[in-house]
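Residue numbers (numbering that gives the first Met the number 0): 0 to 382.
No lab work stands behind these hints, which were simulated from the structure alone. Quick caveat: nothing in here was measured; it's all calculated off a predicted structure. We treat Cβ as the ideally placed atom computed from N, Cα and C, and that holds for glycine. Each hint should be verified, as a subset may be incorrect.
Mimicking SDA-like on lysine to any residue, the simulated pairs with C-alpha atoms at most 25 angstroms apart in a straight line are [stated by the list, open to error]:
#1 K380 / G329
#2 K276 / P53
#3 K78 / P268
Distance ranges between label pairs, derived from CB positions [said to hold, decoys possible]:
#4 P296 / S73: 42 to 48 angstroms
#5 G329 / K32: 41 to 47 angstroms
#6 Y101 / E156: 35 to 41 angstroms
#7 G298 / P342: 54 to 60 angstroms
#8 S321 / Y101: 47 to 53 angstroms
#9 S302 / P342: 52 to 58 angstroms
#10 E114 / E369: 42 to 48 angstroms
#11 P268 / A31: 37 to 43 angstroms
#12 E167 / K107: 47 to 53 angstroms
#13 G329 / T7: 20 to 26 angstroms
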Amino acid sequence: MSSKKSSTKIFDVIVIGGGQAGLAVGYYLRRAKLDFIILDNQDQSGGAWQRFWPSLRLFSPAWMSSLPGRLMPSSKDGKSPHRDDVLSYFADYEQRYQLPIYRPYEVKSVQRDDENDCLRVSDGHYTCLAKAVVSATGTWSNYYIPDIEGQQDYLGEQRHSAHYDGPEGYKDKRVLVVGGGNSGAQIYAELVQVADASWVTLEPPQFLPDDVDGRALFERATARIMSNKSSTHKVIDNEDDGNNSNDRSDNDSNNTNAANIEGNIVMMPPIKKVRDKGLLTTRPMFSHLTKQGVVWPDGTEESIDAIIWCTGFEPTLEHLASLGVIEEDGKILTEQGQALKEPRLWLFGYGDWASPASATIIGAGRSARENVPALLDFLSKDT
0 MSSKKSSTKI FDVIVIGGGQ AGLAVGYYLR RAKLDFIILD NQDQSGGAWQ
50 RFWPSLRLFS PAWMSSLPGR LMPSSKDGKS PHRDDVLSYF ADYEQRYQLP
100 IYRPYEVKSV QRDDENDCLR VSDGHYTCLA KAVVSATGTW SNYYIPDIEG
150 QQDYLGEQRH SAHYDGPEGY KDKRVLVVGG GNSGAQIYAE LVQVADASWV
200 TLEPPQFLPD DVDGRALFER ATARIMSNKS STHKVIDNED DGNNSNDRSD
250 NDSNNTNAAN IEGNIVMMPP IKKVRDKGLL TTRPMFSHLT KQGVVWPDGT
300 EESIDAIIWC TGFEPTLEHL ASLGVIEEDG KILTEQGQAL KEPRLWLFGY
350 GDWASPASAT IIGAGRSARE NVPALLDFLS KDT
């Protein structure tokens with residue numbers, strides 16, 4: 000790295016983001032013996048996982064939820080891994096493969112450097128150059144909350160699932176969990192045990208069978224993309240936080256033909272427990288907010304202490320704005336991870352529009368395995 004004045008050193012690749020997608024790409028770049036670095040804006044390993052609520056579990060067994068080269072160890076209780084199990088795994092992964100990660104380094108911009116025929120990456124103080132840049136910043140820091148009438152007037156607590164840290168602060172409170180995806184289901188199942196909680200969804204939630212885990216979601220996403228390969232621009236499902244999936248569903252009879260199984264919410268043990276108690280119910284979306292609460296479609300007003308928005312995420316791409324590659328919908332046109340409007344830019348880990356289910360752990364690994372060879376081929380032609 001250098002000061003604002005250009006350095007003569009030009010890396011083969013700079014990876015922006017040290018989460019699951021950045022680690023997976025780093026694994027394959029290391030195997031290819033490229034000169035690369037990973038720039039991460041976090042203080043420690045773990046990416047967005049260090050921000051998730053402590054009780055969060057993966058949707059699938061550890062051995063089905065691994066990055067390339069190293070299986071995730073089983074959870075101590077023999078069940079699906081907890082958030083902290085994932086954090087330990089990521090930290091060990093970095094050390095095992097000695098990935099060249101620099102943190103904290105907050106990339107502010109990626110610009111074209113015509114003089115050196117490369118891309119310039121900067122945090123506003125220091126600059127580094129690369130023949131290719133991989134953006135793997137994910138979606139966590141760009142969460143989405145819908146614009147609802149009265150939202151600015153509401154005096155209660157509002158928090159997105161990105162910042163939900165557990166049920167402790169909501170005991171005996173009136174809480175609404177808004178969002179019909181997996182995060183909404185899991186957080187509601189946790190809160191309804193300690194609070195007067197309601198689960199609010201636009202449409203009735205669709206549950207997977209009890210014996211089908213998150214692998215079905217991955218296989219369905221893959222099948223959907225593969226059936227429409229002519230499209231290079233896919234849309235992220237705002238109600239799927241992409242906590243997990245797997246890579247070997249064809250080896251498990253419970254997930255045979257997973258792409259054809261209906262439903263999108265995984266029946267994790269806490270959700271089953273709430274269902275068995277008769278508490279797994281939803282309410283329709285409220286019409287607007289007031290200072291003290293919400294107004295339901297029938298005109299009934301209700302006081303609410305807190306609202307947890309489980310309404311999804313959008314890709315974090317602001318650092319790429321100066322390249323002129325971001326479309327009106329906030330995404331980038333890609334093919335095999337490569338930006339069509341700037342071939343030196345590659346996108347990993349953002350969801351289906353970049354690569355099928357690439358916002359999941361195993362999806363990040365599969366995306367890197369399938370698309371890094373194209374990056375290597377691009378670099379070989381550039382030399």
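Notebook entry, point to check: Failing hints, ascending?
Noted result: Numbers 1, 5, 8, 10, 12, 13 - these are the hints that the structure violates, sorted from lowest upward.
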